[in-house]
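For the record, the sequence lines run as chains A and B.
So that you can map any letter, position 78 of the first sequence is 78 in the numbering used here, and since no number is skipped, the others follow by simple counting.
Basically the numbering used here = 1-based index in the second sequence + 1000.
In case anyone wonders, no lab produced these hints; they're calculated from the structure.
None of these values were measured; they are calculated from a predicted model.
Cβ atoms here follow ideal geometry from the backbone N, Cα and C, with glycine treated the same way.
A few of these clues could be false.
[Stated by the list, open to error] To give a feel for the contact side, a few chain B residues facing chain A, derived at Cβ under 10 Å:
hint : residue
1    : 1110
2    : 1131
3    : 1136
4    : 1226
5    : 1227
6    : 1229
7    : 1231
[What the hints assert, rightly or not] Which chain A residues stay away from chain B? Per the calculated CB distances, all over 10 Å, these:
hint : residue
8    : 28
9    : 90
10   : 97
11   : 108
Listed below, chain by chain, are the residues.
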Amino acid sequence: MSKLKLATVWLDGCSGCHMSFLDMDERLIELAELVDVVYSPIVDAKVFPDEVDIALVEGAVSSVDDEKKILKVRAHSKVLVAMGDCAITGNVPSMRNPIGPEAILDRAYIQNASAQQQIPCVVVPKLLRIVRPIHEFVKVDVFLPGCPPSADTLHTALVALVTGAPLDIPALTRFGA
Amino acid sequence: MSTEVDVKTLIIDEQEVSGLRGQTILEVARENDIYIPTLCHLDGLSEVGACRLCLVEIKGSNKLLPACLATIFEGMEVSTNTERLQKHRRTILELLFAERNHICSVCVSNNHCELQTLAQQQGLTHVRLPYRNPELPVDASHERFTADHNRCILCTRCVRVCAEIEGAHILDVMGRGINSLIITDLHQDWGSSACTRCGKCVQVCPTGALFDKSKIGSDHPKYPDFLPYLNLMREAQ
Chain A
1 MSKLKLATVW LDGCSGCHMS FLDMDERLIE LAELVDVVYS PIVDAKVFPD
51 EVDIALVEGA VSSVDDEKKI LKVRAHSKVL VAMGDCAITG NVPSMRNPIG
101 PEAILDRAYI QNASAQQQIP CVVVPKLLRI VRPIHEFVKV DVFLPGCPPS
151 ADTLHTALVA LVTGAPLDIP ALTRFGA
Chain B
1001 MSTEVDVKTL IIDEQEVSGL RGQTILEVAR ENDIYIPTLC HLDGLSEVGA
1051 CRLCLVEIKG SNKLLPACLA TIFEGMEVST NTERLQKHRR TILELLFAER
1101 NHICSVCVSN NHCELQTLAQ QQGLTHVRLP YRNPELPVDA SHERFTADHN
1151 RCILCTRCVR VCAEIEGAHI LDVMGRGINS LIITDLHQDW GSSACTRCGK
1201 CVQVCPTGAL FDKSKIGSDH PKYPDFLPYL NLMREAQ
């Protein structure tokens, strides 16, 4: 059997889910027997490949760039996994929703800045008005809640997805776990 | 009237059980270790049937009834966990999560929250409805407690414990429907209200809406089990 192609994607999140992924420690070596990591913040590939078997997505959709990315990931992935609470609920990034992006940017870059008070407008992508979970943009196949989902949860889920074994997610994790 | 007449026999989830006239389905179910999820119900407080999580099916009726309020009758056949009920319960929880800002990961009640636990137990892994993201107040004017309306699910346990057990009734509900808000006195700051500072409301709150300021992080388990004992002791007097 040829190895499955695994991608991991980082949208608006703290990278904690990716830390949890790395926390699988020596089990990563076993996983490497089953999958090839073809795209991830922790590998060199810069372009999302055309065909991916499993994509783990961390983070909420907060900017126009996130939106573009999640559409691309969906189009090129067989199984899309929402990894962690940000991807599933918006979580901490969504705490700006009741306040709005203008007020947030103003507080961060004008009121709290001691020098060079200006709101960045080049290179950095424009923020969306509302931070939303990824399933409001694309179809999500598997939801793995947790902040972050533990390494054990990620391992159990990944092995189940790769081998086709049954997966009982509420038995493993929950919002905020 | 003989006591014989007062005993009703019924079937809950294909199990033959019996209870006394006037008992609710929930009471009889719990006596027989049959689990029905609840959120606004709390042993020791009056029932309001607000959360609808305890809805059950009664054979012969196409209406769903709240087990916390519906009383038993002879020959009643109750189903507590059908696919239809599971679907409704998940939807109710999704509505609660979507209505206000429940950010479990940074909530004082993370890992001690009845809403969070119920979501996991009912197999909820995501919310299909768009979040409302309302802007809601946090009242930290009280020297000991905080009310974070972002986490409030309007179960009214705090209102009932304040009125029924503490006898102060400084908590109540303002507004209607989605604009409802738990208030202190006539919508004054909690800190300047007639609050007796007993803290019962904090202990009965199922989420992180009411919490003790002396607790940090998410280390805030709540202990509402004093209520039935308190009631028992008062009755004995």
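Hints and how they fare:
Checking residue 1110 of chain B against chain A by beta carbon gives a least distance of about 5 Å; that is within 10 Å, so the hint holds. For residue 1131 of chain B, the interface hint holds, since its Cβ comes within 10 Å of a Cβ in chain A; the closest pair sits about 6 Å apart. Annotation: residue 1136 of chain B was flagged as interfacial toward chain A, and the flag holds, the nearest CB pair being 7 Å apart, inside 10 Å. Because the smallest distance between the Cβ of residue 1226 of chain B and any Cβ of chain A comes to about 26 Å, over 10 Å, the interface hint for this residue is violated.
A least Cβ separation of about 26 Å between residue 1227 of chain B and chain A goes past the 10 Å threshold, and the interface hint is therefore violated. Taking 10 Å as the C-beta contact cut-off toward chain A, the hint placing residue 1229 of chain B at the interface is violated, the least distance being around 30 Å. Taken as an interface hint, residue 1231 of chain B does not check out: its beta carbon lies about 33 Å from the nearest beta carbon of chain A, beyond 10 Å. With a closest Cβ-Cβ approach of about 25 Å to chain B, residue 28 of chain A is found to remain outside the 10 Å limit, as its non-interface label requires.
Against chain B, the non-interface label of residue 90 of chain A is violated: not every CB pair exceeds 10 Å, the least being about 6 Å. Remark: the non-interface label on residue 97 of chain A conflicts with the geometry, its nearest Cβ contact in chain B lying 4 Å away (cut-off 10 Å). Chain B leaves residue 108 of chain A outside its interface by the beta-carbon criterion, the shortest separation being 18 Å against a cut-off of 10 Å.
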